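Novice: Keeping their order, the protein sequence lines are chains A and B. Under my numbering, the first residue of the first sequence is numbered 33, with each subsequent residue one higher. Under my numbering, the first residue of the second sequence is numbered 33, with each subsequent residue one higher.
Quick caveat, the hints were computed from the structure, so don't treat them as lab data. In this text the structure is predicted, and so the values were computed from the model without any measurement. A portion of the hints provided could be inaccurate.
Treat identical chains as interchangeable: a pair holds within one or across any two.
[Said to hold, decoys possible] Subject to a maximum C-alpha distance of 30 Å in a straight line, what follows is the list of computed DSSO-like cross-link-like pairs (lysine-lysine):
id, residue 1, residue 2
1, Lys74, Lys43
2, Lys136, Lys154
3, Lys79, Lys43
4, Lys246, Lys150
5, Lys149, Lys284
Number of protein chains: 2
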Amino acid sequence: MGSSSALPTSKRFPPAHLLNVNERLFLIDCGEGTQIQLRKFKIRFGKINHIFISHIHGDHIFGLFGLLSSFQLLGRENDLHIYSPGELREIIGFYDKYFVHELKYRVIVHPLGYKRKKLIYKDDWIEVFSFPLKHSAPTCGFFFKEIRQDLNLKKEGIDKYKPDLESIAKLKKGEDFYTADGQCIPNNKMTQPPWKLRSFAYCSDTAYDPSIIKAVDAADILFHEATFSHQDEVIALQTHHSTAVQAAMIAKLSGSRKLLLGHFSSRYKEVDFLAQEARNIFPETYIVNDGDIYYVERERSTDNS
Amino acid sequence: MGSSSALPTSKRFPPAHLLNVNERLFLIDCGEGTQIQLRKFKIRFGKINHIFISHIHGDHIFGLFGLLSSFQLLGRENDLHIYSPGELREIIGFYDKYFVHELKYRVIVHPLGYKRKKLIYKDDWIEVFSFPLKHSAPTCGFFFKEIRQDLNLKKEGIDKYKPDLESIAKLKKGEDFYTADGQCIPNNKMTQPPWKLRSFAYCSDTAYDPSIIKAVDAADILFHEATFSHQDEVIALQTHHSTAVQAAMIAKLSGSRKLLLGHFSSRYKEVDFLAQEARNIFPETYIVNDGDIYYVERERSTDNS
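The task is simple: from the sequences and hints, build the whole structure.
Specialist: Put into structure tokens, the structure is as follows:
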């Protein structure tokens, strides 16, 4: 929803991203104007229960105050979980004191660690890990990964062997089926191959850091900041940001499938050339624009393992 | 730049208005996304040295943090004057502590009073007055009025009588001219009628309050909030806001020339009917949309007084 860096432009809002996992919405960073973008793109606010804040720089959180206020005005009652640097507690306390006096819903801040990759959230569908980035403030990236689900049954196998409920539960977990006369029917005769587990990795803001390669582990989609062009690599280094080429190296070395570039410096009037720089190293590179949507389609594995 | 009330919509940003007086820019309220609108409408940030904040509610100031940060990133050195409730000092102190650590330009907060109409700013061209509004937090409206300038000379009079520099200075101030032989040439033979003094009044947020009538004193343009329709007058009363009809009454009774309505509740999908309600009382009523520009043309007075 926001693809600029610290200085927004007329077409690029500050950083904000929304991940939809089976209609659960995860907001990642919340730059100024995020609630306006949510309106524009017709996203239902109420579905957002989890917000991930990479670091406490204004361009990544100045949209939070307006969003919290709008939740209040819209009568929110659900808890709101925010995964962020611990300072956010004080910032929200200050906001509460001056601007709402009493929030009618709970805001639970889960402080991030910055030493290693760490599981910070889990539900029935996904796990979310934070991992350290290399920036001028304590900063984390986030890795969202689907959890292995039960296997789906094959209609023809079920119709033929008519397993009882207990056997069905075992089949879904990957066990083989035994008929009344003791014949073993291998699991893959009775079930579909599982869905491949999809993943999304988010890296903003950060200098080039090879430790990210392992953390983003073959992501289906890797979002990596590309604030600068290759020719401005020195400025990237000085400001703890990355070039498009560096982002491409992380994508390539991590075995990721698709690279999205964002967080562009406002010094570049157009940014397509940044994708060109990256594609020399990693062809599946795309420039993100505010409002772009990327899907990761579900695919069957080639086997049941 | 922002015509919504507390909940922005996809087309209306939160409150923010810009007044241009001879290319000096005065920002009035600063809702979330103001800097994005400034970019969109190609306004040069650096020209803004004075910001007027009506009250400390989030929808009127959440754009301030991003704007201050962008000033910093753009290398601002000029002092920034903010006319606002005194609390803003603490809020900016907090912002400074968490988000910039040290602003490279001075922010001077001028606390408003809430008892009576008061001169709060003056330069060579205009005076600005604050006056109390009636809202759920201490709130002021603002009245911008041009100052009487020196008279312009008439070429034919100057060519004919060739006054010396001292006499010219007196003519510009409205005095008559005396020739070497003591003949009195009336001032209006030597000078143009002065420009009429233009004015702009800003009233948001407020319940209907007849004391506003005197404060906005025959404004060329009166901006008055019209959060609600006549049929929602009870809600207006409960929330300390106005209806379009009430705004029209203030416009009519104050002898203002043009009424702009804004700060619309997001409950109305379209708001043209609010202008219709107001026009029954005050025909020169207009709905504002984000990006609209209204001009007050300069007119000559009919006499030199």
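Novice: Run every hint past the structure and note whether it holds.
Specialist: Verification of the hints:
1. Proximity of Lys74 to Lys43 under the C-alpha cut-off of 30 Å is found in both arrangements, the shortest distances being 18 Å within a copy and 12 Å between copies.
2. In this assembly of identical chains, the alpha carbons of Lys136 and Lys154 lie at most 30 Å apart only when taken from the same copy (25 Å versus 43 Å across copies).
3. For a Cα distance limit of 30 Å, the shortest separation of Lys79 from Lys43 qualifies both inside one copy, at 26 Å, and across copies, at 22 Å.
4. Only within a single protomer do Lys246 and Lys150 lie at most 30 Å apart by alpha-carbon distance; the minimum there is 13 Å, versus 63 Å between protomers.
5. Within a single copy, Lys149 and Lys284 get their C-alpha atoms as close as 20 Å, which meets the 30 Å cut-off; across copies the closest is 66 Å, which misses it.
Hint compliance for this structure: no hint is broken.
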